[in-house]
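K.L.:
Protein chains in written order, with our numbering: chain U, 39 to 102; chain V, 3 to 683.
The hints are simulated quantities; they were obtained by calculation from the structure and are not laboratory data.
Ideal Cβ positions, reconstructed from N, Cα and C, are used throughout, including at glycine.
Warning: the hint list may mix true and false statements.
Claimed, not checked - Calculated cross-link-like contacts (lysine to aspartate or glutamate; reagent style EDC-like; alpha-carbon spacing at most 16 angstroms):
1. V:Lys569 to V:Asp581
2. U:Lys61 to V:Glu510
3. V:Lys170 to V:Asp145
4. U:Lys61 to V:Glu296
5. V:Lys170 to V:Asp141
6. V:Lys188 to V:Glu176
What the hints assert, rightly or not - A partial selection of chain U residues facing chain V, derived with a Cβ cut-off under 7 angstroms:
7. Leu60
8. Arg76
9. Asp77
10. Ile90
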Amino acid sequence: MRGGHCVLSRLASLGFTPGALLKVIQNYGRGPIIVLVRDARIALGRGEANHILVEPLAGGNDGR
Amino acid sequence: MGAEAGAPPDLDRAAAVLNGKVTLTVALAGQPNVGKSTVFNLLTGLSQHVGNWPGKTVEQKTGTYRHNGTTIHLVDLPGTYSLTANSAEEVIARDYIIKERPDVVVAVVNAASLERNLYLVAELLPLAALVVVGLNMVDVAADEGVAVEPQVLEAALGVPVVPMTAAKNKGLYELVEAVDKLAQGKLPYRPNVPEIRDDHREVLDQIHALVADCVPAPYPSEWVALKLLEGDDEITALMRDECLPPERWDQVHEILMAHEDAVLSVASGRYDWVGRMIRAAVTRPRAGQITLTERLDRWATHPLWGLGILAAILGVVFWLTFALGTPLQEFLDVYVVGSLADAASSLLAGAPAWLHGLVVDGIIGGAGTVITFLPILLVFFAVLALLEDMGYMARAAYVMDRFMHLMGLHGKSFMPLFLGFGCNVPAVMGARIIDSQRARLLTILLAPLVPCAARMTVLVFVAPIFFGRAATLVAWALIAATLAVLAVVGVLINKWVLKGERAAFIMELPLYHRPNARTIGLQVWQNSAEFLKKAGTLILLMSVVVWALSALPHGDIQTSYLASVGKALAPLGALMGLDWRMLVALLASFVAKENSIATMGILFGAGKDASGFAAALSGVLTPAAALAFLVVQMLFVPCVATVAAIKQETKSWGWTGFSVGLLLILSLAGGILTYQVASLL
């Protein structure tokens with residue numbers, strides 16, 4: 039994860055921490071996306087989503 | 003729970019009295035969407051007091067509850083995801099716990115997303131308060147296929163855990179019982195406080211050693227060191243500017259700079275702790291199971307269908323509001339306010355004319371008329387509270403996000419702006435939910451451009467007089483035009499007036515769930531009480547002032563001060579085809595938008611008969627001028643209650659003046675343009 043301190047801190051408290059499993063529920067190519075992380079659905083603007091680097095995993099994604 | 007059940011209540015009371023403490027202060031903490039307000043509402047009911055946190059525009063709710071002779075003073079902390087200073091809410095919540103030292107902190111957690119919810123508990127435990135975990139929404143979790151064993155969780159956390167379903171009023175007694183017993187030391191309390199990860203243990207110790215002797219009471223020094231490591235803005239400023247000698251701060255700063263990534267490590271450490279806590283307690287659903295929320299969201303958050311659903315829901319909201327609210331409003335207007343005016347008239351028959359005018363035209367005609375709008379607002383707020391409680395509003399915000407982006411806002415601003423269709427005052431107040439200062443200010447500035455129920459009433463009243471069968475079309479076109487102006491103004495303010503970064507859009511979409519009647523009822527009650535309070539104070543006062551201006555000095559409106567003002571503005575009115583009486587009607591709408599109808603009634607001497615009024619009005623105005631009048635009315639300066647709300651929320655006369663000036667210029671320019679163009683046709 040990278041980005042401004044404030045956004046990072048908010049994302050981290052919502053459960054976006056290195057190594058956390060996340061699942062992209064909705065992404066239509068434009069507009070905000072919906073991600074399932076730690077049992078909660080979070081809507082993220084595309085700009086915010088760009089702070090999160092993910093690597094694919096069988097059946098899910100690995101955020102870092 | 004670990005409480006020994008069945009102790010007689012009178013023994014409890016005796017113990018409480020013995021401890022010298024029959025009043026407990028209990029803070030209710032929790033993340034958003036955990037049913038915290040349902041718990042608070044069930045316990046406090048109508049005893050609750052709604053105000054603001056000192057010096058902040060964040061709502062503060064307090065209330066009392068009696069339990070076996072113990073008076074529990076309940077304080078509802080703002081819903082926060084963490085206790086790091088990302089927002090005013092988080093600072094308020096932690097400052098309350100640290101500085102006011104409540105006897106017990108109840109952490110309400112949502113069993114359906116326990117992992118994320120326990121993050122807040124991980125932040126609460128190091129604050130050295132007694133914590134009871136209220137494991138709420140057990141039923142919602144079960145619907146999602148998640149099972150939580152409270153005893154196992156309790157054993158892991160070392161603090162009392164009470165399972166409950168607040169929406170069905172289950173488990174609340176047990177919760178309060180646990181709070182009471184814990185406060186009296188009758189429950190075991192060995193909290194498993196989260197430790198920092200090994201990779202930053204040493205750094206934390208270094209910082210702690212440097213700051214420990216400078217940390218002001220009542221902050222726990224280890225906690226301050228941890229917050230410094232997390233880069234917490236408020237604690238950093240406190241230690242740098244007030245507590246640490248400069249050379250000591252330089253040392254601390256050097257360490258912090260070398261460990262800028264610590265914020266993620268600290269958060270990960272807390273989640274590691276949460277993982278250990280829930281490992282044995284939670285049974286997850288089988289993979290691939292499709293839940294109700296997922297099924298509904300396929301439609302509700304779809305870029306195309308989602309908008310269709312939103313449009314349909316809004317249509318129903320408006321239809322319900324006006325189908326149910328308007329007849330009630332008319333009923334109140336004719337039978338309650340009308341009969342009250344008649345009764346006052348006959349009662350004051352022998353009194354001086356000024357007293358008669360003050361009571362009948364000023365107080366009853368002004369503030370009384372405003373109160374008749376309560377049913378319309380009531381229905382509107384009830385339907386919106388229902389949508390909010392079910393979890394739909396977050397979806398509406400989500401599908402509107404793309405459009406709000408054009409104005410530099412994001413989806414969250416849609417919710418308060420939508421409230422504006424009922425009344426602009428709650429729209430301005432509702433902008434509190436937006437976390438960025440800049441987006442919040444912009445939302446407040448745009449809120450008065452949402453056509454409120456009162457303005458729509460004037461529209462519905464005047465349009466048929468001039469446009470006959472095309473009236474509905476004209477009305478819709480004017481509403482659409484007003485919203486178009488809102489969008490353009492939003493884009494322009496965003497681009498030219500406000501500086502600063504665009505806010506991040508990060509919003510939780512809660513699980514859908516059955517609405518709770520009590521939560522909705524209390525919400526509607528609070529909104530209505532707020533409205534009535536305004537009608538009884540500010541609007542009442544302004545009604546009297548306007549009446550006085552329209553009656554002084556000779557008791558005749560044609561020669562009154564108000565008329566002089568209107569006549570002085572006549573050249574401006576000529577540009578819009580409006581005579582001084584129409585200008586006075588617009589000025590009077592500053593008190594309350596629907597006042598323009600009442601004022602026209604007085605000025606045209608049409609009496610209370612609606613058809614006579616219509617005839618008088620259509621004799622004075624051309625259709626082009628009528629259209630110009632409606633345009634000005636839709637865009638005119640916000641009513642006095644909204645102006646007061648803007649001042650209160652922005653804490654700035656500058657921005658309040660900006661809002662009034664902007665709308666004044668917009669409305670006059672719109673009116674002149676409309677009249678000049680329409681006259682050509």
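K.L.:
Confirm or reject each hint.
P.N.:
Here is how each hint holds up against the structure:
1. Under the criterion of a C-alpha separation no larger than 16 angstroms, the hint pairing Lys569 of chain V with Asp581 of chain V is consistent with the structure, at around 8 angstroms.
2. Between Lys61 of chain U and Glu510 of chain V the alpha-carbon distance is near 14 angstroms, which keeps this suggested pair within the 16 angstroms criterion.
3. Pair hint Lys170 of chain V plus Asp145 of chain V holds up; C-alpha atoms about 15 angstroms apart against a cutoff of 16 angstroms.
4. Of the supplied pair hints, the one linking Lys61 of chain U and Glu296 of chain V holds, its CA atoms being roughly 13 angstroms apart against a limit of 16 angstroms.
5. A hinted pair counts as satisfied when its Cα atoms are at most 16 angstroms apart, and Lys170 of chain V with Asp141 of chain V qualifies at roughly 9 angstroms.
6. For the suggested pair Lys188 of chain V and Glu176 of chain V, the alpha carbons sit about 14 angstroms apart, so the restraint of at most 16 angstroms is met.
7. With 7 angstroms as the threshold, the beta carbon of Leu60 of chain U stays out of range of chain V, its nearest partner Cβ sitting at about 12 angstroms, so the hint is violated.
8. Interface restraint check: Arg76 of chain U against chain V, minimum CB-CB distance 4 angstroms, threshold 7 angstroms, status holds.
9. Nearest Cβ of chain V to the Cβ of Asp77 of chain U: about 4 angstroms, under the 7 angstroms cut. The hint holds.
10. The closest approach between the C-beta of Ile90 of chain U and any C-beta of chain V is roughly 11 angstroms, which is over the 7 angstroms cut-off, so the hint fails.
The earlier numbered hints that this structure contradicts are 7 and 10.
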